[in-house]
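Protein chains in written order, with the working numbering: chain Z, 1 to 144; chain B, 1 to 144; chain F, 1 to 144; chain S, 1 to 144.
No wet-lab data here; the hints were simulated from the structure. Relax, there's no trap hidden among the hints.
Since the list gives no way to pick out one identical chain from another, each pair is judged satisfied if it fits inside one copy or across any two copies.
Restricting the straight-line Cα-Cα distance to at most 30 Å, the calculated cross-link-like pairs of lysine-lysine (BS3-like) are: (1) Lys65 with Lys4; (2) Lys82 with Lys116; (3) Lys123 with Lys63; (4) Lys123 with Lys4; (5) Lys82 with Lys65; (6) Lys11 with Lys63; (7) Lys123 with Lys82; (8) Lys65 with Lys116; (9) Lys63 with Lys82; (10) Lys123 with Lys65; (11) Lys4 with Lys63; (12) Lys11 with Lys65; (13) Lys116 with Lys11; (14) Lys123 with Lys11; (15) Lys82 with Lys4; (16) Lys63 with Lys116.
Since the structure is predicted, the reported quantities are computational estimates derived from the model, not experimental observations.
There are 4 protein chains.
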Amino acid sequence: MELKPYLHNAKYYETDQMAIVHHSNYIRWFEEARVDWMDQVGVPLTAIEARGIVIPVVSVSAKYKTMVRFGDDVSIRTQLTKYNGVRFFFHYEIRDVATGVLRTTGESEHCLMDDKGRIVNLKRRDPELHALFLSLVETPADGQ
Amino acid sequence: MELKPYLHNAKYYETDQMAIVHHSNYIRWFEEARVDWMDQVGVPLTAIEARGIVIPVVSVSAKYKTMVRFGDDVSIRTQLTKYNGVRFFFHYEIRDVATGVLRTTGESEHCLMDDKGRIVNLKRRDPELHALFLSLVETPADGQ
Amino acid sequence: MELKPYLHNAKYYETDQMAIVHHSNYIRWFEEARVDWMDQVGVPLTAIEARGIVIPVVSVSAKYKTMVRFGDDVSIRTQLTKYNGVRFFFHYEIRDVATGVLRTTGESEHCLMDDKGRIVNLKRRDPELHALFLSLVETPADGQ
Amino acid sequence: MELKPYLHNAKYYETDQMAIVHHSNYIRWFEEARVDWMDQVGVPLTAIEARGIVIPVVSVSAKYKTMVRFGDDVSIRTQLTKYNGVRFFFHYEIRDVATGVLRTTGESEHCLMDDKGRIVNLKRRDPELHALFLSLVETPADGQ
Numbered sequence: 001m002e003l004k005p006y007l008h009n010a011k012y013y014e015t016d017q018m019a020i021v022h023h024s025n026y027i028r029w030f031e032e033a034r035v036d037w038m039d040q041v042g043v044p045l046t047a048i049e050a051r052g053i054v055i056p057v058v059s060v061s062a063k064y065k066t067m068v069r070f071g072d073d074v075s076i077r078t079q080l081t082k083y084n085g086v087r088f089f090f091h092y093e094i095r096d097v098a099t100g101v102l103r104t105t106g107e108s109e110h111c112l113m114d115d116k117g118r119i120v121n122l123k124r125r126d127p128e129l130h131a132l133f134l135s136l137v138e139t140p141a142d143g144q
Numbered sequence: 001m002e003l004k005p006y007l008h009n010a011k012y013y014e015t016d017q018m019a020i021v022h023h024s025n026y027i028r029w030f031e032e033a034r035v036d037w038m039d040q041v042g043v044p045l046t047a048i049e050a051r052g053i054v055i056p057v058v059s060v061s062a063k064y065k066t067m068v069r070f071g072d073d074v075s076i077r078t079q080l081t082k083y084n085g086v087r088f089f090f091h092y093e094i095r096d097v098a099t100g101v102l103r104t105t106g107e108s109e110h111c112l113m114d115d116k117g118r119i120v121n122l123k124r125r126d127p128e129l130h131a132l133f134l135s136l137v138e139t140p141a142d143g144q
Numbered sequence: 001m002e003l004k005p006y007l008h009n010a011k012y013y014e015t016d017q018m019a020i021v022h023h024s025n026y027i028r029w030f031e032e033a034r035v036d037w038m039d040q041v042g043v044p045l046t047a048i049e050a051r052g053i054v055i056p057v058v059s060v061s062a063k064y065k066t067m068v069r070f071g072d073d074v075s076i077r078t079q080l081t082k083y084n085g086v087r088f089f090f091h092y093e094i095r096d097v098a099t100g101v102l103r104t105t106g107e108s109e110h111c112l113m114d115d116k117g118r119i120v121n122l123k124r125r126d127p128e129l130h131a132l133f134l135s136l137v138e139t140p141a142d143g144q
Numbered sequence: 001m002e003l004k005p006y007l008h009n010a011k012y013y014e015t016d017q018m019a020i021v022h023h024s025n026y027i028r029w030f031e032e033a034r035v036d037w038m039d040q041v042g043v044p045l046t047a048i049e050a051r052g053i054v055i056p057v058v059s060v061s062a063k064y065k066t067m068v069r070f071g072d073d074v075s076i077r078t079q080l081t082k083y084n085g086v087r088f089f090f091h092y093e094i095r096d097v098a099t100g101v102l103r104t105t106g107e108s109e110h111c112l113m114d115d116k117g118r119i120v121n122l123k124r125r126d127p128e129l130h131a132l133f134l135s136l137v138e139t140p141a142d143g144q
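Just chain Z, same shape as in the assembly:
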């Protein structure tokens, strides 16, 4: 499946008094990119949540290489790097659109939880969806 990187234009309200995008916003951009990835693979988050399943974040990390400023266009490449029916691991790479310069890399880990707070095993609950996610696992880009 050929996936398009997600595009984001850095907003004024995302800056802080260092005149750069505040570091917490990249964590939000990872989410934007992940939601877009889910749309592109045909499993929109709204459809998941409509089935009573939420996808909380178990862990997240970001490495800030170079700074994004107000008005910059960035592209975010999202990759599913590990998946076992219970846990998802995503890798993100944020680059400046104009120059291709790497801005930030990141990772996040997720589980599926039903409306009673129990972990959902997709392998048992939805083998078809499980097979789809398995087929989407990629080796992470090295972010250089």
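Based on these hints, arrange chains B, F and S on the given structure of chain Z.
Just chains B, F and S now, with coordinates in the frame of chain Z:
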């Protein structure tokens, strides 16, 4: 009832590249102050929501007089200025704690809605709570 | 000048526990739309700030008509409704893209300030830019 | 030096439609706690920035153990775990105040940068401040 103003310390992540607090955050501070006001009058928002009632914002406004900067302590005075069983109107006054200088004034308007999206009339639904809110209505401070 | 409405897709992180977009975010969307408006009329905010001028918000207001939910596409129409060389007044209209239903209307008021905190009068400082803004003033849409 | 944990009350606008605090906000809470730590050790961030030095975030990570909900009081323990004159590493532990239950752990890494974007070596630039930071390095709590 003697109510204490709500205190907030301006956060780094609340600043923008003008090196002042971004104007959208004062709208969030009004909410913080309103939630605290509800705690102080003995009707915490969590208790309201536990009864299946939410309190959406119908309108909000803010007038920015002087700027708040990172690290500043501000006090927020919240007043219920109008209430009729269906609609609440609040007035807010944000002042610098150190100098007393007025920073921002604001207003917000709210209704009560049940879990089916219907407007709740507190006069009928909970006359006791209705009487409490009526007793709390004050003339707004003039914010000078 | 024919201006295009600004498009925004409601983000997961913009929701709150009422499962609607938190009301403070519409204030941020007004800013996104205003920044886009400035780009479209050929006076990007970065160019203004590069000249040592900032455009603080003097007042802002919003009326919430119907709710925006995660994933919804909204269009924001921005209009300059008053301008006198010193103060700008904008009107905003947020509509659901799919249905055209009005979600929120708003207003904001701005001044220009130089790096010493002094009000800038564009009529004197930049008559050409002043003439441009004057030519852009429109009667506000009625938002019905 | 006996340092007090930083206290935060979870705000309504910090929740998302899972009815828990959005994961990006913990990254902001780490910053709040770090700023408070700097105040407590006598080196407020405003004083650093007044000298033309900023402290950008080089990397950040968080592990979400259990969820924080609207209105919860949490305490955040901040520890400087490594420091070499050029890089700072902090560890954070967020616990529920009422129960002591661990909510989130995290790490962040920082450098010092002057107003020309050059890395500042505190060992050379301010040996006294360097000695203070060295004396504050602690073994991280294990967050269990």
